[in-house]
Amino acid sequence: MATTQSRTLAKMMLFPSVTLLLAWMIVPLCMTLYFSFLDYNLLMPGDNEYIGFLNYEFFLTDPAFIESFFNTLLLVGGVLFITICGGIGLAILLDQAIWGRNYVRIMVLAPFFVMPTVSALVWKNMFMNPVNGLFAHLAEFFGATPIDFFAQIPLLSIIIIVSWQWLPFAALILLTAIQSLDREQLEAADLDGAGPFSKFIYIVLPHLSRAVTAVILIETIFLLSIFAEILVTTSGGPGYSSTNITYLIYTQSLLQFDVGGGSAGGIVAVIIANIVAIFLMRLIGKNLEG
Amino acid sequence: MGSITLKQVTKSFGDVNVIKPLDLHIRDGEFIVFVGPSGCGKSTLLRMIAGLEDTTSGNIDIDGEDATNMPPAKRGLAMVFQSYALYPHMSVRSNIAFPLKRAKVAPAVIDEKIEKAAKMLNLTDYLDRKPGQLSGGQRQRVAIGRAIVRQPSAFLFDEPLSNLDASLRVNMRLEISELHKSLDTTMIYVTHDQVEAMTMADRIAVFNGGIIEQVGTPLELYQKPVNRFVAGFIGSPKMNFIDVMPKAGDDTHAIGVRPEHLKITQERGLWSGKVGVVEHLGSETFLHVHVEGAGTLTVKADGDCPVSYGDRINLTAAESKIMHFDKGGVTIPSLSWGEERVA
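Quick mapping for you: the protein sequence lines, in order, are chains W and X. Under numbering that gives the first Met the number 0, the letters of the first sequence match residues 0 to 289, in that order. Under numbering that gives the first Met the number 0, the letters of the second sequence match residues 0 to 342, in that order.
Treat the hints as calculated values from the structure; they're not laboratory data. Where is the CB? At the ideal position from N, CA and C, for every residue including glycine. Any given hint could turn out to be false.
[Claimed, not checked] Under the rule of at most 27 Å between Cα atoms (straight-line distance), these lysine-lysine pairs were calculated in the DSS-like manner:
1. LYS100(X) to LYS118(X)
2. LYS198(W) to LYS299(X)
3. LYS180(X) to LYS198(W)
4. LYS273(X) to LYS198(W)
5. LYS198(W) to LYS326(X)
[As the list claims (entries may be wrong)] If you anchor each label on the Cβ, the simulated ranges turn out as follows:
6. SER197(W) to GLY13(X): 24 to 34 Å
7. GLY135(X) to SER197(W): 22 to 32 Å
8. LYS73(X) to ARG104(W): 26 to 36 Å
9. SER56(X) to GLN178(W): 24 to 34 Å
10. PRO20(X) to SER197(W): 46 to 56 Å
Could you build the full structure based on these sequences and the hints that come with them?
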């Protein structure tokens, strides 16, 4: 890939796929942007007039927007916190030499392969159901009142479900990072008089910082657009207490048939995602350098 | 203080006995080198002394105290690893300070010790750098610095120079030797390089297959190797071995003669052969001579030796320089350096 000729050839070869990918992204984005400025509701066929920023005004001043905005942040932050902490713990456990380690590792990975809708249904019906759920039975066994998860703590319930799905991913990435830790460093720390806790704080954790950064970046991208788990379990309720931005846009554009409003929400979501991305990159992106 | 005594120490991984029962006394202040081919158990033994490997049976005494089951940190030993094992996210200063901070030494004392160690090892300008920004030799010095600030009773070196290039290795060899002279602390040094062993050691322990073949000063091992393995391992280039038919009253099955003791002569000597590859090193020349019935002999000749490929030459060696080995490869002292021969 060093000569001018081979570089030109490489560019030409890449051109079709890059063009296709670019069009795939740009066309829907432009259409959304265009719709967001129209009075476009499927229930009221008409001229679809240009109404300026009215859609944005409606979307941003909707009390549901503020609530769902903070719900989104809580959802992302909560799941990140649980998966990183739990993932580090799991990774350390999985790194120990135990009998049947390979099978255990595969088992731990399993939740990641379960579809979001399915896992949400399993949690909703088998664990968190206030009458037949496992947690309800457990609570009754100890004489406590079963918690009605989706009525009392809807957002936390969703955070738990999503964390369960993403924990294996974090654990897997962190496990590979732990395995790449130079054993001689740990032995040197042993000789230097570091106990297990010091070794974890001063050797293991700094070594994991890059992997943690990667997990945060990747998970954030996916967690901003959590949808299936909410639709299947709470449908955003009660009220708007478990609605995130993604779900709010869905209710706008598909339940109220308001294409214009939904498009405006979509553009707002794109902007929020970009703000979060810039923020994250500033905050932890330097970890990925060098 | 830093005397270490190994009593009937063994190590097995499952059914494999890596260290067969082994006794060794390491004197206080001594520089002892464990040398042997790879897989001979020398590194394992060092790690057992450090406490990084369990001892299967036997006792390890440090300063007269049984340390067999002591955790590594309690043994008062410091180790320099082959990969240096520096903490990559810490500055040189923090690396060196790490063992002191773990030992809860006062910050002022820590700073003082770091300054002293840095001055000693020429690291003063690099204290605020990360290990990744240092060269191999500097990293090596940081690893040594981290070891010396703890003032251990003994230093353990696990092939510390094998990642350095040849010229740096010679320098570091000298630096470690000088460090030993100035600190006067026991050092145990593991290497597979017999040149390092010969140049640095007070005493050398030659390992082979989990046992110690011989312990002695460098010259003892060179002049009076107890068997064929030690004779072949110590000295560079390797000693030449020639199988001979045992005669009545003489149990010699093989003789050995070092390349530097073979002389090229005009008249017929003990052997004659055709010169193969000639390696000119400037100061000396290595000839690989094919001798019928004796195989290829390596000869160390003068730097300006005029012999070239294909020449026929005669070789001889002083009788006093020829080692005799019996059937099992054990040296026959009476024939190799005994008084009988001198007479």
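Open item on the list: Please list, smallest to largest, the hint numbers that this structure does not respect.
Closed with: 2, 3, 4, 5 and 10
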